[in-house]
Amino acid sequence: MNSNRILEHPILEFSEGSDIPFSFDGKELVGKSGDTIASALHAAGVRVLGHHFKTGHARGFYCAIGNCSSCLMIVNGVPNVRVCVEPLKAGMVVNSQNDRGVLP
Amino acid sequence: MKKDLLHIKREGLATADDLRGRLPDESTKKEGPYAVIECFEEIPCNPCVVSCRFDAILPFEDINDLPYVDFSKCTGCAVCARVCPGLAIFIVDESMQGEMGTIMLPYEYLPLPEKGEQVMARSRDGSELFPATVVRVLKGGKGKTALVSLEVPKESLQEVRAFSVIEDESPAFHSSETYDPDYESPVVCRCEGVDLNEIRDLIARGYKSVDEIKHRSRAGMGPCQGRSCRQIILNELARDAGVSLDEFEGGSFRPPASPISMDILAKGGEEDAENS
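Those sequence lines, one after another, are chains A and B.
Heads up: the first sequence begins at 1 in the numbering used here, then just goes up one per residue.
Heads up: the second sequence begins at 1001 in the numbering used here, then just goes up one per residue.
Hints should not be assumed to be uniformly reliable.
To be verified - In silico SDA-like links for lysine to any residue, alpha-carbon gap of 20 Å or less:
| # | chain 1 | residue 1 | chain 2 | residue 2 |
| --- | --- | --- | --- | --- |
| 1 | A | Lys27 | A | Gly91 |
| 2 | A | Lys54 | B | Arg1216 |
| 3 | B | Lys1139 | A | Glu13 |
| 4 | A | Lys54 | B | Leu1196 |
| 5 | B | Lys1142 | A | Pro21 |
To be verified - Under 10 Å between C-beta atoms, here's a sample of chain A residues computed to sit facing chain B:
| # | residue |
| --- | --- |
| 6 | Glu8 |
| 7 | His52 |
| 8 | Asn67 |
Since the hints were made in silico from the structure, they are not lab data.
None of these values were measured; they are calculated from a predicted model.
Note that CB positions come from ideal geometry on N, CA and C, so glycine has one too.
Bound conformation, chain B alone (with noise of 0.2 Å):
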């Protein structure tokens, strides 16, 4: 990973100096939709290359690399928006005459807006900016996304990046209403049946790493190998400690990647045989 987008693995928000190079200059600005992808996973993902018609995403060398827009290519078709899984692509729409642009973002949600729906903008970080109106919305299904477009100021084209349906009433549930700290504690270690307070107090005792942890408690000795427990323990140990969990050695990890019967190790065989 290059080291200038380690913080937002950190804190998940994308500053102005992650943004550069992904917005037109101004004069292409005026001349149509075009296409801001605001994503920052090197990971083995393309659906936005391959789908794009136009070439306006730029080739790929390694299929971790970040999709930039070539923004003389690209027509604002929204192919890509509708086929990005992490939703980070937005379709901005400032070429038309007056104060008000469009932004078409992505929604996974039911039910969906209609048109002239007011609805709130947000943004990056979730909070509310203000009430803007559907203009339009392409329904998602088989596979593609939602996309819902909203009229905003020009001037807020690049902050709203989501938005929420207003509600009239509040949502009846509540999980702090239902989920009393004081009364339990969360489970930490499901198959082994070992919770929050039992970890912090065996923190407080003085035992500082998974594998000690892991040999008094039994967390993680289960039959799912530590894979719900692990990272709870080590975010725990690093809180305790101060330091970042890089730091922290994960404990001991050893195969089978996934349970399988002894009868199967024993003998050998295929898994699906066991229970046809």
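Extracted from the complex, chain A is given alone in its bound form (with noise of 0.2 Å):
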């Protein structure tokens, strides 16, 4: 399941966290501590994370740093959120967003 994860990396280190439960589009994943919602379903193989509402173009993760919103998602019923900066929690329920977002 964590075959993409990052193990060997030329500088940093990074130590083996543990398992965190959580649901993308209704499908049980695992992440580990220390993760953001984007690379534990990165680590999970999911490249897709919704498509825009506009062009219906997939979208994915890309500036990493919480700048470019191409990684809003649906989180625990909150639209917007940018996945590649909200840190990971146990229970999350995570789903793909195809539009501007309904505020809950």
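Using the hints, build the complex out of the two chains.
Written as structure tokens, this is what we have:
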């Protein structure tokens, strides 16, 4: 499941985190402590986080620093969450966002 | 910024003029290894000064100062080269007899080459110079940069500033193979779904400022507030007008610096409280 996780890095070292279960579009996935939502999804092989409301283009993990808004998703019912900078918490319900978002 | 460094910001390459004061005199060169610091970034960064146990990097008056080496104190221990985030420090040793010297280069890729391996020495602009032999490898990790020593003819020690691993086959992935500009135009504004063709079309039709393009296309009005697209649009406008980027107004830019929910704006409070 975590085959896309970076384990070897030229400069940084990563300690093995504990498992954090969450759900993505109804599927049960497992991230690691220290993950953001986007890093957990990336490690789980998820590349498409949603689709653009106007063009319908797939949107993915892009700037990874909370700048670009490419990774907006619906988290626990709240739309437009920048998942690249949102820490993963156990039991989070993460869903793809394909529109501008409807406030809860 | 000092005016004489402006051309480096534009061209990205140091000239012989810029490198003056960065090298020891001929007699000091023969005494042992020394650090060459090719740093031109006047930014708040000082790991090299702080890490040097021999006080061989002249103390900063301001944290934005550029580092200069006191070659009478530098031992070439390479501690500064391990911590420089800009990979701008090289350890040169030409104290040995014969034609060959060594240069230690920072390397932040995997896999690391091995001792004895042939690699391609490259110049400051990245062009190929000649194959060179790896004589020493200091592994990276724990926040430190790996260093790789190459054996290089002494007369080329000030030319070699990088290297690449020589691969048997060319890499399988080339972006030019998968990207077809006739098929799709690069996205400029990810928030509002505006591509480069649309921006160029607007410029051709007479919209000549960031704000005009913003009002027509919505590029820059999405949740990221223009952080991804503004610079690209500015580049396009400057290219169209045939002027330098500095001469262009950046358009209106308003807070907040980071997107926050209207709820917090209205009621006040902490962002972290939102999802807990």
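Now for the hints, and whether the structure bears them out:
no.	hint	verdict
1	A:Lys27 / A:Gly91	holds (12 Å)
2	A:Lys54 / B:Arg1216	holds (16 Å)
3	B:Lys1139 / A:Glu13	holds (13 Å)
4	A:Lys54 / B:Leu1196	holds (16 Å)
5	B:Lys1142 / A:Pro21	violated (29 Å)
6	Glu8	holds (6 Å)
7	His52	holds (5 Å)
8	Asn67	holds (5 Å)
Of the numbered hints given earlier, the model fails hint 5 alone.
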